[in-house]
Amino acid sequence: GQSLEQPSEVTAVEGAIVQINCTYQTSGFYGLSWYQQHDGGAPTFLSYNALDGLEETGRFSSFLSRSDSYGYLLLQELQMKDSASYFCASTGGFKTIFGAGTRLFVKA
Amino acid sequence: EAQVTQNPRYLITVTGKKLTVTCSQNMNHEYMSWYRQDPGLGLRQIYYSMNVEVTDKGDVPEGYKVSRKEKRNFPLILESPSPNQTSLYFCASSFVAVAGASYEQYFGPGTRLTVT
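Those sequence lines, one after another, are chains D and G.
Under my numbering, think of the first position of the first sequence as 73, with each following residue one higher.
Under my numbering, think of the first position of the second sequence as -17, with each following residue one higher.
Among the hints, a few may not be true.
Said to hold, decoys possible - Label-pair ranges, simulated between beta-carbon atoms:
#	chain 1	residue 1	chain 2	residue 2	range
1	D	V85	G	L23	26 to 32 Å
2	G	P43	D	L123	29 to 35 Å
3	G	E86	D	R138	16 to 22 Å
4	G	N33	D	E127	43 to 49 Å
5	G	V36	D	A88	32 to 38 Å
6	D	L123	G	T4	34 to 40 Å
7	D	S137	G	G22	25 to 31 Å
8	G	E86	D	I89	23 to 29 Å
9	D	T95	G	P91	49 to 55 Å
10	G	S49	D	L123	34 to 40 Å
Said to hold, decoys possible - Residues from chain D that keep clear of chain G, each with C-beta distances beyond 10 Å, as calculated:
#	residue
11	I89
12	T116
13	G130
14	R131
15	F135
16	R138
17	Q151
18	A161
19	K167
20	I169
Said to hold, decoys possible - Derived coverage of chain G by chain D (criterion: at least 3 residues anywhere in the stretch with Cβ under 8 Å from a Cβ of chain D; other residues may be distant):
#	segment
21	-1 to 7
22	11 to 22
23	58 to 65
24	86 to 98
Simulated from the structure, these hints should not be mistaken for laboratory data.
The beta-carbon is built from N, C-alpha and C at its ideal position, and this holds for glycine as well.
Build the full structure now, drawing on both the sequences and the hints.
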């Protein structure tokens, strides 16, 4: 079946760097997206990788390796407001499959 | 303001009573989709639409219907709701990129549905 695996929880300290991994097993893979969701809110788009390599958007970066079916989201200079759930999502044509999400706790 | 709107935001209903959750976007997006979110399961796609009059099933379509008669609207219909459809529902929209990828989706605020 099609699936995306990510850790359920990650804890890090304010100002640190954290990496959230995502391994996928999907058919018709086009690319890997990342979304952030705060408690009570809607998911918001963070980043997308269609090609292998690193994409940087401010404090957030995302990486993809198609040969390893693996990607990660890197958050630098962590802030308390980064405490949220993070989802990787595979886009295969028009169908979208999300991972179960990683809950990030940022401690002072 | 560019946005996706959903109504109602909260709904408590009884088993078997037909209901419709509306979704509208003002960004001229071709692609629209419905998801349900349950604890520990992430977001699961119910139905999606590539354009007007073109829809297809996602991973969990059973018990749901959709229609896309206008580009901006994509209502979700539960003909006979059951308690296992109690969930948080999100509508999303996006442009369609190269080769059909819909990778940057904009989400509505969500509809919390409880079926008793």
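Hint-by-hint comparison with the structure:
The hinted range of 26 to 32 Å is satisfied by V85(D) and L23(G), whose Cβ atoms lie roughly 29 Å apart. Remark: the range hint 29 to 35 Å for P43(G) to L123(D) is upheld by a beta-carbon distance near 32 Å. In this structure the supplied range 16 to 22 Å holds for E86(G) paired with R138(D), their Cβ-Cβ distance being about 19 Å. Evaluation of the 43 to 49 Å hint for N33(G) and E127(D) yields a failure: the beta carbon distance comes to about 28 Å.
At about 46 Å, the beta-carbon gap between V36(G) and A88(D) misses the expected band of 32 to 38 Å. For L123(D) and T4(G), the hinted distance range of 34 to 40 Å is satisfied, since their beta carbons lie about 37 Å from each other. The beta-carbon spacing between S137(D) and G22(G), approximately 27 Å, falls within the hinted interval of 25 to 31 Å. Our hint of 23 to 29 Å for E86(G) and I89(D) holds, since their Cβ atoms are close to 25 Å apart.
The supplied range of 49 to 55 Å is broken by T95(D) and P91(G), whose beta-carbon atoms lie about 31 Å from each other. Taken as a hint, the range 34 to 40 Å holds for the pair S49(G) and L123(D), whose Cβ atoms sit roughly 36 Å apart. No Cβ of chain G comes within 10 Å of the Cβ of I89(D); the nearest lies about 24 Å off, and the non-interface call holds. The beta carbon of T116(D) sits about 7 Å from the closest Cβ of chain G, which is not more than 10 Å, so the claim that it is off the interface is violated.
Consistency note on G130(D): stated as away from chain G, and its beta-carbon is indeed over 10 Å from all of that chain's, at 16 Å minimum. Distance check on R131(D): its Cβ is at least 19 Å (rounded) from any Cβ of chain G, clearing the 10 Å threshold; non-interface status holds. A cut-off of 10 Å between C-beta atoms confirms that F135(D) is not in contact with chain G; the least separation is 16 Å. Residue-level check passed: R138(D) sits 14 Å from the nearest beta carbon of chain G, beyond 10 Å.
Non-interface status of Q151(D) relative to chain G is upheld: no Cβ of that chain comes within 10 Å, the nearest being about 22 Å off. Distance to chain G contradicts A161(D) as a non-interface residue, since its nearest Cβ pair spans about 8 Å, not more than 10 Å. A beta-carbon of chain G comes within 10 Å of the beta-carbon of K167(D); the shortest separation is about 7 Å. The claim that I169(D) lies off the interface is violated: its Cβ sits roughly 7 Å from the closest Cβ of chain G, which falls inside the 10 Å cut-off.
Here the segment -1 to 7 of chain G counts 0 residues with a CB under 8 Å from a CB of chain D, which misses the bar of 3, and the coverage is violated. Proximity of the segment 11 to 22 of chain G to chain D, defined as three or more residues with a beta carbon under 8 Å from a beta carbon of that chain, is established by the 4 residues found. Beta-carbon proximity to chain D at under 8 Å applies to 0 residues in the segment 58 to 65 of chain G; the threshold of 3 is not reached and the given coverage is violated. Check on the segment 86 to 98 of chain G: 7 of its residues sit with their Cβ under 8 Å from a Cβ of chain D, so the three-residue criterion for coverage holds.
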